[in-house]
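Chemist: Start from chain A and add chain B according to the hints.
Read off the chains here:
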Amino acid sequence: MAEFVMPQLGADMTAGKLLRWRKNIGDRVQRGDIIADVETDKADIEVEIFASGVLDKFLVQPGEKVPVGTPLALLREEGVAILSAGTVSPLARAATAMAPLPAAVPTPVIVLPPPVVFPSPGRLHISPAARKLAEEQDIDPASLTGTGPAGRITLEDVQRAVQARTAAQEPPDRQTRMRQAIAAAMARSKREIPHYYLSTTVDMSRCVQWLAQENARRSIADRLLYGVLLLKAVALALRQVPELNSIWKEGKAVPSADVHVGVAVSLRGGGLVAPALHHTDQQSVGGLMKQFLDLVQRARAGSLRSSELSDPTITVTSLGEQGVETVFGIIYPPQVALVGFGKIAERPCCVDGQIVARPLITATLSADHRVSDGHRGGLFLAALDRLLQEPEKL
Amino acid sequence: MNREEIRAVVLRVLSRIAPEADLSQLQPAARLRDQLDIDSMDLLNFVIGLHKELQVEIPEADYPKLATLEGCVSYLGSLQKSG
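Order-wise, the sequence lines are chains A and B. Start counting the first sequence at 1; every next residue gets the next number (my numbering). Start counting the second sequence at 1; every next residue gets the next number (my numbering).
Just so you know, these hints were derived from the structure itself, not from any lab. Note that the structure is a prediction, hence the values are computed from the model and not measured. A virtual CB, placed ideally from N, CA and C, is assigned to each residue, including glycine. A portion of the hints provided could be inaccurate.
Claimed, not checked - Once the Cα atoms are required to be at most 27 Å apart in a straight line, the calculated DSS-like pairs of lysine-lysine come out as:
1) A:K290 with B:K81
2) A:K17 with A:K57
3) A:K290 with B:K65
4) A:K17 with A:K249
5) A:K23 with A:K190
6) A:K343 with B:K65
Stated by the list, open to error - Between beta-carbon pairs, the in silico distance windows are:
7) B:Q25 with A:Q175: 13 to 23 Å
8) A:A187 with B:R33: 28 to 38 Å
9) A:T147 with B:A30: 48 to 58 Å
10) B:V56 with A:E192: 51 to 61 Å
11) A:A221 with B:R12: 13 to 23 Å
12) A:Q213 with B:R12: 30 to 40 Å
13) B:A30 with A:Q180: 16 to 26 Å
14) A:A221 with B:R33: 20 to 30 Å
15) A:V254 with B:Q25: 42 to 52 Å
16) B:Q25 with A:E325: 43 to 53 Å
17) B:E53 with A:G287: 44 to 54 Å
18) A:Q180 with B:R12: 32 to 42 Å
19) B:V56 with A:R191: 47 to 57 Å
20) A:V351 with B:E53: 36 to 46 Å
Next comes chain A alone, as it looks inside the complex:
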């Protein structure tokens, strides 16, 4: 019997709320099947399973919020354990290991509030109606300050206390929770990761020209955005400086065998997510563009899959469209690097001793100094520049 647990979908996730099961007890599931929907602070996620088997038992019911790592269901299969080595991708294991797992109990521990102990009647100066409401609402009258004659606790005093408690207990909305989640991840990053920053200016002339020619011959639905050239170039440059494509785990960097570039996507209404474009280095720019379009659309519609949030090995963020010239990004743990791009702008550029106008972009690298040094980071940016001079080979 194997356990399917609440996955950790990014460093900023500590718990998730099960929204619904997509499968039933007794259903056979395949690795990669979406079997549940989970609500996180950032989005509703379609959660995939990382092993095959038969669903034997649900341990958590829709509506329950449980910590990352809590077993959600049991899976029955010919000796295959979901969380045993080899059945879960190393990245998924790394992501799960980022936060301490809760105690291995089959169901979440429900912490009940301590019972309210009321003082014996007669000790408080309180109206009968106020006392009745306080009892109904589990409010200790002794904690209230009476505003009636001679400090008598009135019905209004208790009503105010009920309202205050309700306001305090009301869960923050999705936008607030997303902000809190981003704040926690970014604060952790700045606290734990010794960042260093490098930048370089890249001549985008060849990319711009190639893209114009390429898009002229492509159908509307198959057209490319320059952003996809940047993503592919980052992925290929990582092959030359692979330590930047690592995950920080248990005090050391673990190189990732695959390149899954996370793309920072701003959400309409605020906040952002950075889901993965899987195997970014192995796809054609056309294939990558289709996946990119689909990913952004689903990110904004709130229908991302769990692997897209747990798998990124590096993040790319581009703020050029907002007019930004240079991005100094904060690394998203447990990743060890982030690449930023500013806007493409025509600027004076010295070519063969002549000053000419060229479309230039500033590329920046934020990297973890525990894992790489400026020399290697510089080699990465140089490789990125070289790759962008030959867009037809991307």
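Modeler: Chain B alone, transformed into the frame defined by chain A:
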């Protein structure tokens, strides 16, 4: 298709790209990018949507003509006439 019908199509496609926006407040001569916070991917989806709805070919070089609501209606109207 007259200008009003084209305008309705444009607004319908825009509503899929910026579902949270109140399109009745759009200024016809102001840039859509600024009013709706749309990026290049939104623009590409907008062009794909117009292509599907109106069966028109929009070259990339003509994207600047789609900068405003008024521009969209005029440009798409001219495409329909020439088509």
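Chemist: With reference to the structure, classify each hint as holding or not holding.
Modeler: Going down the list of hints, with the structure as the test:
no.: 1; hint: A:K290 with B:K81; result: 32 Å, violated
no.: 2; hint: A:K17 with A:K57; result: 18 Å, holds
no.: 3; hint: A:K290 with B:K65; result: 25 Å, holds
no.: 4; hint: A:K17 with A:K249; result: 26 Å, holds
no.: 5; hint: A:K23 with A:K190; result: 40 Å, violated
no.: 6; hint: A:K343 with B:K65; result: 21 Å, holds
no.: 7; hint: B:Q25 with A:Q175: 13 to 23 Å; result: 22 Å, holds
no.: 8; hint: A:A187 with B:R33: 28 to 38 Å; result: 33 Å, holds
no.: 9; hint: A:T147 with B:A30: 48 to 58 Å; result: 54 Å, holds
no.: 10; hint: B:V56 with A:E192: 51 to 61 Å; result: 53 Å, holds
no.: 11; hint: A:A221 with B:R12: 13 to 23 Å; result: 18 Å, holds
no.: 12; hint: A:Q213 with B:R12: 30 to 40 Å; result: 32 Å, holds
no.: 13; hint: B:A30 with A:Q180: 16 to 26 Å; result: 35 Å, violated
no.: 14; hint: A:A221 with B:R33: 20 to 30 Å; result: 21 Å, holds
no.: 15; hint: A:V254 with B:Q25: 42 to 52 Å; result: 51 Å, holds
no.: 16; hint: B:Q25 with A:E325: 43 to 53 Å; result: 31 Å, violated
no.: 17; hint: B:E53 with A:G287: 44 to 54 Å; result: 26 Å, violated
no.: 18; hint: A:Q180 with B:R12: 32 to 42 Å; result: 36 Å, holds
no.: 19; hint: B:V56 with A:R191: 47 to 57 Å; result: 53 Å, holds
no.: 20; hint: A:V351 with B:E53: 36 to 46 Å; result: 44 Å, holds
The structure is inconsistent with the numbered hints 1, 5, 13, 16 and 17, although it conforms to all the rest.
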